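Residues per chain, in single letters:
Protein chains: 2
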Amino acid sequence: MTARPTVGVLGGLGPAATVDFMARLIASTPAPSDQEHLRLLVDHNPAVPNRHGTIAGRAAGVGPALAAMARGLERAGADVLVMVCNTAHAWEDDIRAAVTVPFLSIIDATVDALDAGGPRRIGVMAADGCLEAGLYQRALAARGCEPVLWRPPEQAAFMALVYRIKAGERGAELTAAMAALADSLAVQGAEALIAACTEIPLVLTPDDAPLPVFVSTDLLVSRTLAFAGIAQGAGDGALEESERDR
Amino acid sequence: MTARPTVGVLGGLGPAATVDFMARLIASTPAPSDQEHLRLLVDHNPAVPNRHGTIAGRAAGVGPALAAMARGLERAGADVLVMVCNTAHAWEDDIRAAVTVPFLSIIDATVDALDAGGPRRIGVMAADGCLEAGLYQRALAARGCEPVLWRPPEQAAFMALVYRIKAGERGAELTAAMAALADSLAVQGAEALIAACTEIPLVLTPDDAPLPVFVSTDLLVSRTLAFAGIAQGAGDGALEESERDR
Chain A
1 MTARPTVGVL GGLGPAATVD FMARLIASTP APSDQEHLRL LVDHNPAVPN RHGTIAGRAA
61 GVGPALAAMA RGLERAGADV LVMVCNTAHA WEDDIRAAVT VPFLSIIDAT VDALDAGGPR
121 RIGVMAADGC LEAGLYQRAL AARGCEPVLW RPPEQAAFMA LVYRIKAGER GAELTAAMAA
181 LADSLAVQGA EALIAACTEI PLVLTPDDAP LPVFVSTDLL VSRTLAFAGI AQGAGDGALE
241 ESERDR
Chain B
1 MTARPTVGVL GGLGPAATVD FMARLIASTP APSDQEHLRL LVDHNPAVPN RHGTIAGRAA
61 GVGPALAAMA RGLERAGADV LVMVCNTAHA WEDDIRAAVT VPFLSIIDAT VDALDAGGPR
121 RIGVMAADGC LEAGLYQRAL AARGCEPVLW RPPEQAAFMA LVYRIKAGER GAELTAAMAA
181 LADSLAVQGA EALIAACTEI PLVLTPDDAP LPVFVSTDLL VSRTLAFAGI AQGAGDGALE
241 ESERDR
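These protein sequences, in sequence, are chains A and B. Take the first sequence: its letters are residues 1 to 246, numbered as in the working numbering. Take the second sequence: its letters are residues 1 to 246, numbered as in the working numbering.
In isolation and in its complexed conformation, chain A is listed as follows (with noise of 0.2 Å):
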């Protein structure tokens, strides 16, 4: 076996989702035995401040807490770095400049999934210090694409059920209630959705949305394998439903 790298994780930001990003990133490594998954060092700290709680960017203490994370896992011996959090890429340069190790970047490894050729107007699924930090509004509007937002209704209706999901509510409801988030965006023109919030995979699956969804857990999954020299497995979509959230 090649000496493979050993992955930093930024997380807790919050604690199901960071679980979540470790279970697909286990299920979509080929691994007969133990032996063979990545090392991973987690630095699980949901004592970060609220990152929605000001101006994204802006809240106070989220910046060096992020960069003391990042700097604490690449003296623990990581070599490359993720954050399970979209939101909290608004502070990307606090981590950047803390390490000399790289960051993948979950906002890059999402859009850049997108297909030259394919949908140009995308429906955001994103929290609010997400959206207001631009982050893929940018990036979007990058590779010539339009992002499709959701009117300020819907923003504090997702935004509600974030919270629902981060205080541990699972079930048919909240999955109803997320789909019908991403029909709105349907209906507004979107194409194609971006789960860009890592809590939304805890509750939709791509099966219950109404259009095609980049969901950006999976493809910081996608990054991080690749960045290891693994050849993605069948991972999530070979298994039942009931493990794709494991």
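No lab work stands behind these hints, which were simulated from the structure alone. Here the structure is a predicted model, which means the values were calculated and not measured.
Simulated DEER-style distance windows between Cβ atoms:
no., chain 1, residue 1, chain 2, residue 2, range
1, B, Asp208, A, Ala113, 35 to 43 Å
2, A, Pro30, B, Gly171, 12 to 20 Å
3, B, Ala172, A, Leu104, 33 to 41 Å
4, A, Glu154, B, Asn50, 50 to 58 Å
5, A, Gly229, B, Gly189, 46 to 54 Å
Beta carbons: idealized from backbone N, C-alpha and C, even for Gly.
Take the given structure of chain A and dock chain B to it, following the hints.
Chain B in isolation, oriented as in the chain A frame:
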């Protein structure tokens, strides 16, 4: 919020079991927001040599590998350590000798849950290395309990199931096979069972078993929360079945 300990997790032994522990810990933590969850530092290191490769406690390189992980977690800021693997507790002394922070044993957490007035003949569903090291046999004997173990063909069948679970297999056939092995301990006179391998709850819920099951993963979760001074929430018991393993 009072200062809570950062929990260092020796993980990756195997990968899915570590994710399962994290999911159960998160689900059992009463936390309406991210910020109320425990901080975890997880060294998810699947490269630790196979713990069943030779007689437990003497497999080449395991002790030093676990000691190095423990030291790294302490250095990174862990205030207490846990390890999501029963068999690897054969090297518990190496871990304790490597660090100054406390180590919460999954073996102790599990046998301490046995009621003094409860069942005395305890079926131990454990992997080869765990049994060869005598971890549960000694702990049960110290509490006046008698371990009930599989005969060689059932033990071999269990190991085959464990390796299939580690390779990512799930589903009804595996659950039925695991339940049949649980049945065989009941037939041998066990009055309760210990799921003494962290791969077991990935396919078997207590409802699938013919006897009360003490799930070592859950009992390590409870001990971790107790150490942190957190009153355990409804946890996975309040979740749907499909959520249990998350």
